[in-house]
Structures are given as C-alpha cells and as structure tokens.
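Q: Each chain, letter by letter, is given below.
2 protein chains.
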Amino acid sequence: VRLAVTGANGFIGRAVAQHLREIGFAGEVRLIDRAFEGEPAFQAVRADLTNTDEVAGTVGNADCVIHLAALPGAAAEDDPAASRRINLDLSLDLIELMEGRRIVCAGSVAVFGSDFPQRVDRSTPPRPDTVYGTHKHMVELGYADAVRRGKLSGFMLRLPGVIARPRAAQGFGSAFLSDVFHAAREGKPFTLPLAPDATTWLMSVKACAANLVHAALSPGSAGEALTLPALTVRIGDLVDELARSGDVSGISFEEVPRMRRAFGSHPPLDATEAEGLGFRSDGKLASLVQAARANASERSPTSAGSSAPGGRQSAIGMEGDD
Amino acid sequence: VRLAVTGANGFIGRAVAQHLREIGFAGEVRLIDRAFEGEPAFQAVRADLTNTDEVAGTVGNADCVIHLAALPGAAAEDDPAASRRINLDLSLDLIELMEGRRIVCAGSVAVFGSDFPQRVDRSTPPRPDTVYGTHKHMVELGYADAVRRGKLSGFMLRLPGVIARPRAAQGFGSAFLSDVFHAAREGKPFTLPLAPDATTWLMSVKACAANLVHAALSPGSAGEALTLPALTVRIGDLVDELARSGDVSGISFEEVPRMRRAFGSHPPLDATEAEGLGFRSDGKLASLVQAARANASERSPTSAGSSAPGGRQSAIGMEGDD
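Listed in order, the protein sequences are those of chains B and E.
Just so we're aligned, residue 1 is where the first sequence starts under the working numbering, counting upward by one.
Just so we're aligned, residue 1 is where the second sequence starts under the working numbering, counting upward by one.
Among the hints, a few may not be true.
Because identical chains cannot be distinguished in the list, a pair is counted as satisfied if it fits within a single copy or across any two copies.
Unchecked claim - Below, simulated DMTMM-like cross-link-like pairs (lysine to aspartate or glutamate); rule was C-alpha separation at most 20 Å, straight line:
hint, residue 1, residue 2
1, 151, 78
2, 284, 78
3, 151, 79
Derived by calculation from the structure, the hints in this document are not laboratory data.
As the structure is a computational prediction, the values presented were derived from the model and not from experiment.
From just these sequences and the hints, can you work out the full model?
A: Next comes the structure, spelled out in structure tokens:
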C-alpha cells in the first residue's frame with residue numbers, strides 16, 4: 001500500500017506519521033506539505049497546496065491519500081476566499097484525482113454549527129454557521145456523491161477538538177483547549193473562556209491519528225461523513241483531571257458566550273456507526289488527559305507548524321478541528 | 001435598478017425577460033448567455049460562462065444578478081466535472097462577485113434527493129443523491145454563509161419541475177413532464193414513465209419567472225434556500241386536465257422505477273415561509289395546465305436553446321429544475 005498524507009507537517013499529520021512508524025507500516029509513505037520542520041519520518045515532498053497540478057504530481061500513484069491540509073476555523077473566517085481554495089477546491093480536486101483509489105478526508109464537527117439538538121447521532125443534519133464548517137460540509141457532499149457514483153472508496157471523518165496542540169496554535173478558535181494543558185504543566189495563570197459546566201467533544205491527537213490510519217488501511221468505506229467517537233467532556237472535569245498531575249491553581253473561568261456556543265455546548269454524541277467500523281474514542285477522561293499531557297510535554301513552542309513565520313498563511317497546511 | 005440575468009437565453013431566462021417587459025420594468029437589464037436566438041428583449045451580452053473574469057465583466061455594475069445559468073440534471077450526471085464548473089464554481093464566483101449587492105440564485109428541489117419524508121417543509125434536511133442536486137446544495141450552503149456574513153442579500157429559490165419546456169429538452173431527466181403537453185396538443189402517442197398515482201411538484205414557467213423577478217425586485221432577503229410553492233400534482237390528474245383541451249388518447253403510462261423515485265414521489269409541500277415572502281404557486285391545477293399549454297404552443301422546436309446544435313454542451317446556459 002502506498003500512502004500520501006497532505007498537511008503532513010501539521011499537528012495531526014506528524015502524529016499520523018508517528019503512528020505509522022509505531023505500527024511498523026511497511027508500505028510507501030509520502031508526506032506532502034508546504035514546508036517541513038525537523039526530520040520527517042518518511043519521504044517528504046513540498047507542494048503549493050493551492051496548485052492542483054502540483055498536488056497531483058506529489059500524490060503520484062498513491063493508493064490512498066489521507067487529506068489533512070486545511071486552513072483552520074478562525075483563519076478561514078478571516079479569509080473566506082483562501083478557505084475556498086484550501087478547504088473546498090483542493091479537497092474537491094483530490095476527490096476527482098483519486099478516482100479509482102481511496103481517500104480519507106479530515107472533516108470537522110464544525111459542520112454542526114453552534115445550534116445543537118439534544119443529542120447528535122448519524123441522522124443529525126449539519127447546519128454549519130462558519131466559513132470553515134460550510135466548506136467542510138460542502139466537501140462532505142462532494143465526497144458522498146463521488147462514493148455514490150462508485151468513483152472511490154474511503155472515509156470522511158468529522159474530527160472533534162484534538163488535543164493537545166502546540167501552545168497558542170494560530171488560526172484555531174479552540175486553541176484554549178490545548179493551551180490549558182501547557183498552563184497546567186507549568187503552573188501558570190490561564191483563563192478558560194468557558195464555565196466549568198460547558199461540555200466539549202475531545203480526542204487526543206494519538207487516538208485521532210490511529211483513527212485516520214485505521215480509515216486508510218481498513219477495507220471499509222462509507223459515503224456519509226462519520227463523526228468520530230469523541231468523549232463529551234465537562235470543562236470542570238477536565239480541569240479536575242489536570243489537577244491530578246499538574247498545577248491548576250492559576251486556571252480560572254471567564255465564559256465568553258460566543259465560545260460557549262461554538263465549543264462549549266456539545267450534547268451527548270452517539271457514534272455507534274463509527275464505532276462499528278472500528279473507530280475509537282480515548283475511552284475514559286483519564287486516558288484522554290494522560291495522552292494529551294504526554295503530547296503537550298513533548299513539544300516545544302517552536303516545533304509547531306502553526307508557529308512558523310508567515311502569519312496567517314502559516315496555518316495553511318495545518319489540519320483543523322474548529 | 002440594474003439587473004443582469006445569466007443563462008438568459010434558456011427557457012426560464014427568456015420567460016424572465018418577457019415578464020420584465022410585461023410589467024414595464026424601467027431599469028436596465030443585461031441578458032448574459034453563450035449565444036442568443038431570435039431578438040432578445042433587452043441588451044444581450046455573450047459570455048463564456050466557465051470564465052469567471054468574462055462573466056464578471058458582463059455583470060458589470062448590476063445591482064442584482066438573477067443567476068439561472070446551469071448544466072441540467074441528466075447532463076450533470078453525465079459530466080460531473082462540467083457540472084462542478086457551471087453549477088458550483090460559477091455560482092460561488094458570482095456570490096463572491098456580488099459582494100455588497102444582491103443575487104437571486106436558481107436552486108432546485110433536486111437537493112432533496114429521492115428519499116422523501118412524509119411531507120417537506122423548511123426543516124426538511126436536503127439529502128441530494130445526484131451530481132446536480134449535490135452541486136445545487138453546495139451553492140445553497142455557500143450562499144447562506146455569504147448572507148450570514150452580511151456580504152450580500154437576495155434569495156436562493158428551489159425550483160420545482162417547470163413546464164412546459166420546449167420539446168425534447170436535452171439534458172433534463174424530467175423533460176417528459178413538458179413533452180406530454182406537446183403530445184396532447186398534437187394528439188400524438190406518448191408514453192409517460194410514471195403511473196397515474198405518481199405525484200410531482202410543478203410550476204408554470206410564467207409563475208416561475210414572476211417569482212424570480214419578485215425575488216430580484218422585492219426588498220426581502222433570506223439566507224436559507226426557499227422551496228418555491230409548487231403544486232403537488234398527480235400525474236393522472238394532469239392528464240385528465242390535458243384532456244379538456246387536447247387529445248390524450250395516445251398517452252399511456254409505463255412506470256420506470258428510477259423516474260418514480262426522482263420525479264414521481266413528491267410528498268405534500270409546505271411552502272408557508274416562501275408564501276409569506278410573496279412567492280406564489282399557479283394556484284390551481286387548471287391554471288397551471290392552462291399557463292403551460294399556452295407556453296407549449298407558442299414555441300417551435302427549433303426556437304429552444306436546448307435543441308440548438310452542439311449536443312451536450314448546448315445545455316450549458318440553460319437553467320435546470322432536475
């Protein structure tokens with residue numbers, strides 16, 4: 001099996017490469033991004049992700065593409081035209097390009113918008129209310145149609161909040177969900193924009209990477225986008241769990257209504273269908289926090305793709321969950 | 001008010017121009033299409049509708065665009081890449097281009113797919129299952145997002161089956177709903193691919209044009225796509241009504257399951273919201289049939305955009321309802 005990974009230098013992309021190493025993946029892996037930092041785990045190829053011909057060239061004869069490249073949510077809202085190029089057009093181009101092959105597209109729970117029903121399951125209709133969620137849902141539709149026409153197989157997976165990102169990840173409205181890990185580790189002051197009773201869907205980057213690789217290597221396929229089985233976490237419980245191994249005395253809560261709607265109002269999630277296809281949550285809050293803590297401590301601020309120079313553009317090539 | 005109409009040489013576009021004449025519209029009107037037949041009712045400008053710069057140039061300083069240009073359903077299914085250019089990209093380009101102005105987009109009930117609930121109202125989630133319906137729903141999402149961001153105003157109207165099209169309109173799966181009018185007028189044999197108890201949403205092109213012009217000239221606006229208040233017509237009732245003024249002795253029924261799903265399974269439609277905004281159905285079946293009959297008899301086969309030479313490509317510039 002030959003794999004290609006777009007946005008491979010991003011937070012989740014690097015975790016995917018690491019996971020492929022850990023499972024001793026014996027096939028070919030081609031990592032694609034605008035730039036690479038450190039020593040990539042597999043063959044790394046630079047490409048301008050807004051240039052379809054260039055992306056097509058780098059994807060080459062891959063049997064499966066794991067498509068992570070994205071302009072994250074807050075950055076997409078600032079620049080809808082750039083979001084159209086990266087989050088919509090590039091994805092539709094790859095869906096056309098991979099005809100007869102396999103694709104795994106990183107989707108987002110942002111497709112649900114911020115007006116949630118009592119519970120979310122496979123029948124919940126997406127109602128995006130952001131540029132990012134809108135473009136991700138448009139890709140879901142294009143992907144589903146290509147699968148319906150028998151043009152390709154694969155999965156489109158709606159990612160929840162993925163933690164713990166590098167400190168102060170740019171362009172992500174949900175960066176605070178990762179930054180609180182850095183604050184707890186260092187015992188520094190940090191103000192969460194959510195009240196303790198807010199609830200949010202979370203997954204460790206380790207579990208997320210495992211799910212993406214499972215989607216690429218399993219024989220399964222689904223036309224409808226699947227919401228990954230995230231844990232629905234109370235913010236107060238998250239901080240309590242962080243207190244077991246860190247110093248949370250500097251952490252306070254100052255709820256911002258806009259953040260509550262977007263990231264703190266997630267209802268119970270029924271991901272039975274995704275679980276039946278082998279996708280997994282972190283299991284328990286303690287496991288989630290442990291995995292995210294390990295991840296938070298292994299990264300220095302400068303190793304993050306999102307903190308590379310170049311301002312907003314640096315977010316291109318990252319993959320997003322908000 | 002300066003209006004521009006894309007796909008203006010198509011069946012619905014010509015009816016829009018005629019309606020503007022009839023109401024004595026005093027503003028500027030610019031008709032845009034790849035080619036024009038006969039004597040256009042207003043200033044006519046040719047443009048390659050796959051070339052955004054060219055379209056932008058022809059739209060010029062219009063205060064409102066009525067965007068009808070489309071590759072119809074059956075043609076879109078045959079050539080998804082062309083549908084992406086015409087039905088998706090061009091529409092998204094126009095939505096960007098019209099920032100600060102007004103747009104009326106021709107949508108389609110094709111966004112609902114063919115698996116209908118007991119009744120359709122504003123809360124019914126689209127579930128497209130064709131290339132055409134998929135692209136139209138993607139445009140709905142892009143349009144709604146632009147309105148949410150305060151970038152433009154207007155309407156996206158889901159058109160039902162619009163009758164009576166010119167004979168044997170190419171690229172339209174629902175062409176039979178118009179062809180039955182031509183057959184009845186001429187007393188010729190015709191086989192309907194639906195049983196008498198099939199139900200389908202219909203609107204005369206005259207009512208459709210009036211609704212599109214109302215959408216352009218009224219001060220209202222809606223971010224969510226609106227399903228126009230079509231009549232839900234039993235096929236048997238339609239033929240009975242045709243018998244009042246034509247010869248239906250040659251008309252027979254041979255149901256094709258695929259056609260039943262796509263065009264003959266429409267449930268009752270609640271279009272209260274659209275009605276509240278001033279959009280209107282034909283009222284009664286007799287009025288619908290009378291309007292469609294008048295329309296069917298005034299056109300010769302060769303006056304139709306869809307029967308122009310050039311095969312599938314000739315459908316570009318037509319506007320679609322299926």
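Q: Are any of the numbered hints broken by this structure? If so, which, sorted upward?
A: 2
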